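Turn these sequences into a full structure, and let the hints steer you where they fit.
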Amino acid sequence: MSIELDLQLAVESEQGLPSAEDFQRWLNKTIVPFQKEAELTIRIVDEQESHQSIMSTVVKISRRMYCHFHSRPLQASR
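For the sequence shown, the working numbering assigns the number 1 to the initial residue and increments by one for each residue that follows.
Mixed in with the good hints there might be a few duds.
Unchecked claim - Derived Cβ-Cβ restraints for the label pairs, each shown as a range:
(1) Glu37 - Glu12: 29 to 37 Å
(2) Gln48 - Pro18: 17 to 25 Å
(3) Met55 - Pro33: 30 to 38 Å
If you're looking for bench data, these hints aren't it; they were derived computationally from the structure.
The structure presented is a predicted model; accordingly, all values stated were derived computationally and were not measured.
Note that beta-carbon positions come from the ideal geometry of N, C-alpha and C, so glycine has one too.
See below:
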């Protein structure tokens with residue numbers, strides 16, 4: 001029974017954040033009953049990186065939707 005945690009703290013201050021032990025304890029109680037072995041990455045970021053990540057995802061989704069919906073000619077309904 002092993003959950004390998006890769007905890008990435010990309011913030012200026014760790015004040016107020018749970019410790020690595022807290023995260024590991026949480027994983028052991030929530031994941032282990034369903035998945036005995038796993039690897040998990042938790043990345044805690046600052047507001048700027050969070051915003052950039054969200055915007056990057058929105059752009060990718062928008063482009064994909066545009067390409068999906070506009071890549072073929074529209075057909076008139078009868």
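Verification of the hints:
1. Glu37 - Glu12: 29 to 37 Å: Once the Cβ atoms are compared, 34 Å apart, the range 29 to 37 Å for glutamate 12 and glutamate 37 holds.
2. Gln48 - Pro18: 17 to 25 Å: Check passed, 21 Å falls within 17 to 25 Å.
3. Met55 - Pro33: 30 to 38 Å: Holds - the Cβ-Cβ distance for methionine 55 and proline 33, about 36 Å, lies within 30 to 38 Å.
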